[in-house]
Amino acid sequence: MVTVMKKGKLHVVNVTVNGREHAALVKANATLLDLLREELDYTGTKKGCELGDCGACTVLMDGKSVNSCLVLAVEADGRSITTIEGLEKDGKLDRLQEEFINHTAVQCGYCTPGMILSGKALLARNPHPTERDVREAIGGNICRCTGYVRIVKAILAAAEANG
Amino acid sequence: MSQAITKEFSVIGKSVPKIDAREKVTGRAKYTGDLKVPGMLIGKILRSPHAHARILNIDTSKAKQLQGVEAVITGKDVPSTFYGISPARYDETILAIEKVLQVGDKVAAVAAVDEETAVKALNLIEVEYEVLPAVLDPLRAMDEEQPQIHPQYERNISVEIHQNFGDVEKALRESHVVRTDYFHGNRATHVPMEPHAAISKWENGKLTIWSSTQSPHYFQYHIARVFGLKMGDVRVIKTFVGGGFGGKLEPSAAEYVGAALAMKTGRPVRIVFDRKEVFFHNRGRHAQHIELTTGVSKEGKILGVHGKYIIDGGSYTSLGIASAYYAGAMLPLIYEFDHFKFDCFRVHTNLPSCAAQRGHGVPQPRFAFESQLDMIAKDLGMDPIAIRKVNARRPNTTTLNDLKVNSCEFTACLDKAKEISGWATKKGKLPTGQGIGIGCGGFLTGAGYPIYRTRLPHASAVIKVSEQGDTVTLYIGAVDIGQGSDTILAQMAAEAIGINYEDVRIMSADTETTPHDFGAYASRQTLMSGHAVKEAGDEIRRQILELAAEMLEANVADIDIDRRVVFVKGSPDKMLAFENVANEFFIRKGPLVGKGSYTPPKLGGKFKGAAVGTSPAYSFAAQISQVEVDEETGQVMVTDVWDVHDCGTVINPSLLHAQVEGALFMGMGEAMYEQVVFDDKGKPLNANLAEYRVPTALDVPHVTSELVDSYEPAGPWGVKEVGEGATLPTMGCYANAIYDAIGVRMYDLPLTPEKVWKAIQGRKKATRG
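Chains as they are written, first to last, in our numbering: chain X, 1 to 163; chain Y, 164 to 932.
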């Protein structure tokens, strides 16, 4: 556990993002979303409302999905964050990413990173979800393009791969 | 009957993955707000807290002194040229000059080193206002005692339309049943997941703007005009766009104010709207108040229709002239009748501006018409589908307002929707609280005329084959905002040339590197941009065939190309790889390039407003939905929707059905939940995504999307519209299903539990009394 050190008005945050350790100086009111996007350049995490309503900024914090606009950067100190950029391993896509492509679950793509990460968190805690489970898991992620039809199918297809 | 079925295609008609899907699922796709340009500043806009006020004084001195602030501008520091997107009504300026006309109107702006400094600077700007009485009720906006919002629009009338076709009075006199009903629409808004965003750079007299845009061309045209620049000195580059739905068709303050700040500071400026600003900018659905009178014969044949509308335009005109005309122009499309009168007032209020949203002006009139048609059917004792079939448009007909319809499989849509929904066993036979209803729609495939007067073609394309012949790049101005135009246009290029989808690269929507196209609106790109791509691909193919004929010592007419193999028909041994021919072409003659363009034929009649609604082709759709209504709470649950679309030849089935699903879901949001509401001072009460309720994954019914065989002669390979048409039937469809479930007729959108509950109480009272 790393202690938060005060240095003037700035705080040191040691955070692991997609397996890589970062140290950053942030203001007390900086959000995890801003830290990721503006300081560390993980712009796959999207900003849609900054109020926790839309889910576009969803990331995994120690494996659980959170709205990064509602998490202060200092709260991420000592935590492990997974953003959408962290799912592809050695050029191989995560099964969820593949199924989103195969099922045409992507239109404008702005909700896609958050949607996939909500799906990822779901499959981690519940490898064999029902359709209802999937709909509940992405209930906080708004998509304005697809009507969710193909997103739900894609997540269920990825779950099937769990055997 | 249809060429689509008899001809075997190699690339089109297949559900290839989206060309940009991998970038999007990995987070590599860069949207405007993700970009950082060296030296970039952050721009922020000070917005009005008042719905209608005179600006007496603005003191920017404190803001200017704040460290990190590079510029503070007001209406005095920027061009005062009026702009808009309908040339007949330019009435908006970069920053307010004298008055603010809505809460959220643009008053001043700052550019600073970071967002926090910019926000602090906004708070240091002191504005003195004289608050004026505001016009908040569109139905009273024309009253004499109401304040006038714009000096040039008396009685706050933005647009006044009176169209008269045939003799409606006579038709109504001769009708067996005549009904007049009143319907009220809602102020819905697009809610693209990505807020509006732009980065403006001013360098050596040239303005470059990266933007979340549906039309780089219109942006370039209007920005050049407002800043007095040559169009060639304005470059607009579309980045990835996180949804548009009509809300990103004209430049917003993100571009205009950003460009002004970039010019002032000499540094790039990024402006990204926050969610509240998206609601302030709006340009969403007009709330339409419709008095609809329809007369029918004993057999249910529609004889005459009279629509009287008052529609709420909000503060500025934007694209509202077209919206107003569309509200009437599309009514005679899907049913055949000869007598029609359309009277419409678009009025200004001190509320956010309304303009084009998916289905542009048409969904609410369709709600009114589809609802009333069901009421008439009931009066006549007819089945709702039967009355629609009596009146359904036929192919190769012309509407009373001179819209020429080629392909039309509307009757087939009705039959198929009836069959797949199990209508015959359900209509009037479901238990109380459950109901089934139908609604229909039809939409254009690209507007017949551009938004401003110009003789430019509507779409154009250039295809360049690489020197080695291994890849092909399509350069096109068409705009992919998520709907997948890059993908289907790449499929079309591959099909036309005779290569594989995977061989095609695409550069799109950059005014400098790609040829002209009007952009993503009016469901135009598959047909219009598709024509340009086909022509460009055909030219490549022709050049390859000619050289291959020489190389193979055969007649050009005997040579064909399929999936990269260039061969002599009937002589399988005489063949060449596409890349060898293309490479040889470059060696002998230089670049292998094909180009194409498309201009629609001259369309439409001669009356005022005749251009609106014209299109080379029209889609048709029938939708049936099943609902469950909780009579205790008024809660309506839509359990199933069946959509049958007549959309011509399909280029990519998965993308097509995804469009139907998305459009239908957007229609569902508008029908059931969505409405921007304001307090008595004109301040929006729900300018956020918690209280402006859009459907979530938990709300969506089971959707079945089906097609009917159809071939459109005006489209390349027979294509026509799909992206907007499926929003049109939904509202009426739900209202009719609710009636079937509980015998209560809903006239006001959205169909909220509160309204349904009140209507149920009204019915109970009526039956008791």
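A hint or two may mislead.
[Claimed, not checked] Here are the simulated distance ranges between beta carbons:
| # | chain 1 | residue 1 | chain 2 | residue 2 | range |
| --- | --- | --- | --- | --- | --- |
| 1 | X | 92 | Y | 630 | 55 to 61 angstroms |
| 2 | Y | 630 | X | 19 | 39 to 45 angstroms |
| 3 | X | 163 | Y | 347 | 25 to 31 angstroms |
| 4 | X | 132 | Y | 846 | 35 to 41 angstroms |
| 5 | X | 41 | Y | 743 | 39 to 45 angstroms |
| 6 | X | 41 | Y | 856 | 32 to 38 angstroms |
| 7 | X | 41 | Y | 754 | 33 to 39 angstroms |
| 8 | Y | 239 | X | 41 | 35 to 41 angstroms |
| 9 | X | 19 | Y | 701 | 35 to 41 angstroms |
| 10 | X | 163 | Y | 705 | 48 to 54 angstroms |
| 11 | Y | 732 | X | 132 | 53 to 59 angstroms |
| 12 | X | 132 | Y | 224 | 19 to 25 angstroms |
| 13 | Y | 793 | X | 124 | 57 to 63 angstroms |
[Stated by the list, open to error] Just so you have them, the derived chain X footprint on chain Y, three or more residues with Cβ under 8 angstroms:
| # | stretch |
| --- | --- |
| 14 | 189 to 197 |
| 15 | 303 to 309 |
| 16 | 524 to 538 |
| 17 | 666 to 678 |
| 18 | 768 to 776 |
| 19 | 811 to 823 |
| 20 | 839 to 853 |
If you are wondering where the hints come from, they were derived from the structure by calculation, not from laboratory data.
Every value quoted in this text rests on a predicted model; they were computed, and no experiment measured them.
Every residue gets a Cβ at the ideal spot worked out from N, C-alpha and C, and that includes glycine.
35 to 41 angstroms was suggested as the range; check whether the CB atoms of residue 132/X and residue 846/Y agree with it. holds, 39 angstroms
Are there three or more residues in the stretch 811 to 823 of chain Y whose C-beta lies closer than 8 angstroms to some C-beta of chain X? Coverage by chain X holds here, the residue count being 3 at a Cβ distance below 8 angstroms.
Can you tell me whether the CB distance of residue 239/Y to residue 41/X sits inside 35 to 41 angstroms? holds, 38 angstroms
How does the Cβ-Cβ distance of residue 132/X and residue 224/Y compare with 19 to 25 angstroms: does it lie in that range? violated, 59 angstroms
Under a C-beta cut-off of less than 8 angstroms, do 3 or more residues of the stretch 524 to 538 of chain Y approach chain X closely enough to confirm the stated coverage? violated (count 0)
Quick check: does the Cβ-Cβ distance between residue 92/X and residue 630/Y fall within 55 to 61 angstroms? violated, 32 angstroms
How does the Cβ-Cβ distance of residue 163/X and residue 347/Y compare with 25 to 31 angstroms: does it lie in that range? This hint is violated: roughly 54 angstroms between Cβ atoms.
Is 39 to 45 angstroms right for how far apart the beta carbons of residue 630/Y and residue 19/X are? holds, 41 angstroms
Could one say that the CB atoms of residue 41/X and residue 856/Y fall in the range 32 to 38 angstroms? For residue 856/Y against residue 41/X, whose Cβ atoms are near 34 angstroms apart, the range 32 to 38 angstroms holds.
Is the coverage entry for the stretch 303 to 309 of chain Y by chain X consistent with the three-residue Cβ rule at 8 angstroms? Coverage by chain X is violated here, the residue count being 0 at a Cβ distance below 8 angstroms.
Do at least three Cβ atoms from the stretch 666 to 678 of chain Y come closer than 8 angstroms to Cβ atoms of chain X? Per the Cβ count (0), the hint is violated.
Assertion that chain X covers the stretch 839 to 853 of chain Y - criterion: three or more residues, beta-carbon distance below 8 angstroms: Coverage by chain X holds here, the residue count being 3 at a Cβ distance below 8 angstroms.
In summary, the structure is inconsistent with hints 1, 3, 9, 12, 13, 15, 16, 17, 18 from the numbered list given earlier, while agreeing with the others.
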